[in-house]
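K.L.:
Sequence:
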Amino acid sequence: MTDDTSRVPKLRFPGFTGAWEQRKFNDLFNPVRNNSLSRAMLNNFSGDVRSIHYGDVLIRYGAITDCRDATIPFISRSQSSDFSEELLNDGDVLFADAAEDQTVGKVTEVEGISGTPVVAGLHILACRPKVTMGLGYLAYYLNSPAFHGSLLPLMQGTKVLSISRSILAETRVYYPVQLRERQLLGTFFKQLDDLITLHQRKLSHLRELKRGLLQKMFPKSGEDRPEVRFPGFADAWEQRKLRDYLVPSKDKNSALSYGKDEVLSVSGDAGVVNQIQFQGRSYAGASTKDYGVVQTGDVIYTKSPLKKNPFGIIKTNKGKAGIVSTLYAVYKPKDNTYTPFVEVYFDDDARLNNYLRPLVNKGAKNDMKVSKSGALTGLICFPGATEQRMLSEFFQQLEDLITLHQRKLSHLQQQKKALLQQMFV
Numbered sequence: 052m053t054d055d056t057s058r059v060p061k062l063r064f065p066g067f068t069g070a071w072e073q074r075k076f077n078d079l080f081n082p083v084r085n086n087s088l089s090r091a092m093l094n095n096f097s098g099d100v101r102s103i104h105y106g107d108v109l110i111r112y113g114a115i116t117d118c119r120d121a122t123i124p125f126i127s128r129s130q131s132s133d134f135s136e137e138l139l140n141d142g143d144v145l146f147a148d149a150a151e152d153q154t155v156g157k158v159t160e161v162e163g164i165s166g167t168p169v170v171a172g173l174h175i176l177a178c179r180p181k182v183t184m185g186l187g188y189l190a191y192y193l194n195s196p197a198f199h200g201s202l203l204p205l206m207q208g209t210k211v212l213s214i215s216r217s218i219l220a221e222t223r224v225y226y227p228v229q230l231r232e233r234q235l236l237g238t239f240f241k242q243l244d245d246l247i248t249l250h251q252r253k254l255s256h257l258r259e260l261k262r263g264l265l266q267k268m269f270p271k272s273g274e275d276r277p278e279v280r281f282p283g284f285a286d287a288w289e290q291r292k293l294r295d296y297l298v299p300s301k302d303k304n305s306a307l308s309y310g311k312d313e314v315l316s317v318s319g320d321a322g323v324v325n326q327i328q329f330q331g332r333s334y335a336g337a338s339t340k341d342y343g344v345v346q347t348g349d350v351i352y353t354k355s356p357l358k359k360n361p362f363g364i365i366k367t368n369k370g371k372a373g374i375v376s377t378l379y380a381v382y383k384p385k386d387n388t389y390t391p392f393v394e395v396y397f398d399d400d401a402r403l404n405n406y407l408r409p410l411v412n413k414g415a416k417n418d419m420k421v422s423k424s425g426a427l428t429g430l431i432c433f434p435g436a437t438e439q440r441m442l443s444e445f446f447q448q449l450e451d452l453i454t455l456h457q458r459k460l461s462h463l464q465q466q467k468k469a470l471l472q473q474m475f476v
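Its first residue numbered 52, the sequence shown is counted upward by one per residue in this note's numbering.
Be a bit skeptical, because a hint or two may be false.
Quick list of in silico lysine to aspartate or glutamate cross-link-like pairs, DMTMM-like style, CA-CA up to 25 angstroms [what the hints assert, rightly or not]: (1) 271 to 259; (2) 383 to 438; (3) 261 to 302; (4) 467 to 117; (5) 181 to 162; (6) 210 to 152; (7) 261 to 444; (8) 261 to 451; (9) 371 to 312; (10) 354 to 312.
Derived by calculation from the structure, the hints in this document are not laboratory data.
Computed from a predicted structure; not experimentally measured.
Starting from the given sequences, assemble the full structure and let the hints guide the process.
P.N.:
Below you can see the structure in the form of structure tokens.
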């Protein structure tokens, strides 16, 4: 028997005391039938009945699904009378009963059902509470570590994990005695989710803005002037080879001036970073004598393929000096080059890939076959050094703003994770 102290959350709204109720799952819920229609039987345009698909529960929908949302697909060639025993009500909770990972059992609570009827689709366990819980309480409790953690040892399968109604029947549900406390919990987490969504939209907007400006503030293929430009600049950009701006570095760590704690890595998102700080450990070989020395302002070409950049990436070291393995090519700037601009120029995936594609030969093991000097033989279109600096500083400010919003978003997500652990039992 569970004692009362284990049924009290660590963090609670003022004015509420006492242990929470506990009930067997089947004592608290009635099952609601679902349909087994595949995605091919759904459409996004018209119909008499909407159907919530388990893939959308896992990926698209949050803890609460507003059924007035136009993204819920219709069942093609259907009538509401065909599904009279399957119609959902506000407050019903839908479990995704299958997934390739431990997100199986993710729940969404439906609300806003009016007008077009809504039903639960393939691989969904729809459940209707017998007790009025208050909007959102079940949505967040059933997704919390307290409840979802109880499902983990009961999940079945290897490549695809699954749950069933019989598995749900083995669980217990905990909830505050007073409806008001349940309502406060649902409202609190809904507001927190709305704030997270707002920051996600702001972050997406800034990233889209950056992508757009990387195209508008650089000349299109075959042109020598950008569409958008800082006042005071009118000269054509010069089309030259990258070797006119960079030269291969010959600096090696032969004197072991730099230790393994100063090895650098190159990331598509984070740029040039300390390997231990970024990856949690050093991957340096037994000896770092042949490693290339990278000074602040040097440019690095990494020949490791990435999903968006199959021929590698080009970044500028804006941090402390360090060393990189022989898999990297290191370059020094010429007098006409402000090296942070080189990174900005190649921040556009299409521009980077189009530059490297004709220069790189891929080996049988997907390794990059191109020399240090060979990687500089492609054509680029650069402005003068002053405009290079202005563009670099502008995009750095934009990147700093993106980083700030990313940190705010991560902080909110961590707050929510901690609160889900402390405010439910």
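K.L.:
If a hint holds in the structure, say so; if it does not, say that too.
P.N.:
Verification of the hints:
no.: 1; hint: 271 to 259; in the structure: holds, 18 angstroms
no.: 2; hint: 383 to 438; in the structure: holds, 20 angstroms
no.: 3; hint: 261 to 302; in the structure: violated, 34 angstroms
no.: 4; hint: 467 to 117; in the structure: holds, 21 angstroms
no.: 5; hint: 181 to 162; in the structure: holds, 16 angstroms
no.: 6; hint: 210 to 152; in the structure: holds, 8 angstroms
no.: 7; hint: 261 to 444; in the structure: holds, 13 angstroms
no.: 8; hint: 261 to 451; in the structure: holds, 12 angstroms
no.: 9; hint: 371 to 312; in the structure: holds, 12 angstroms
no.: 10; hint: 354 to 312; in the structure: holds, 22 angstroms
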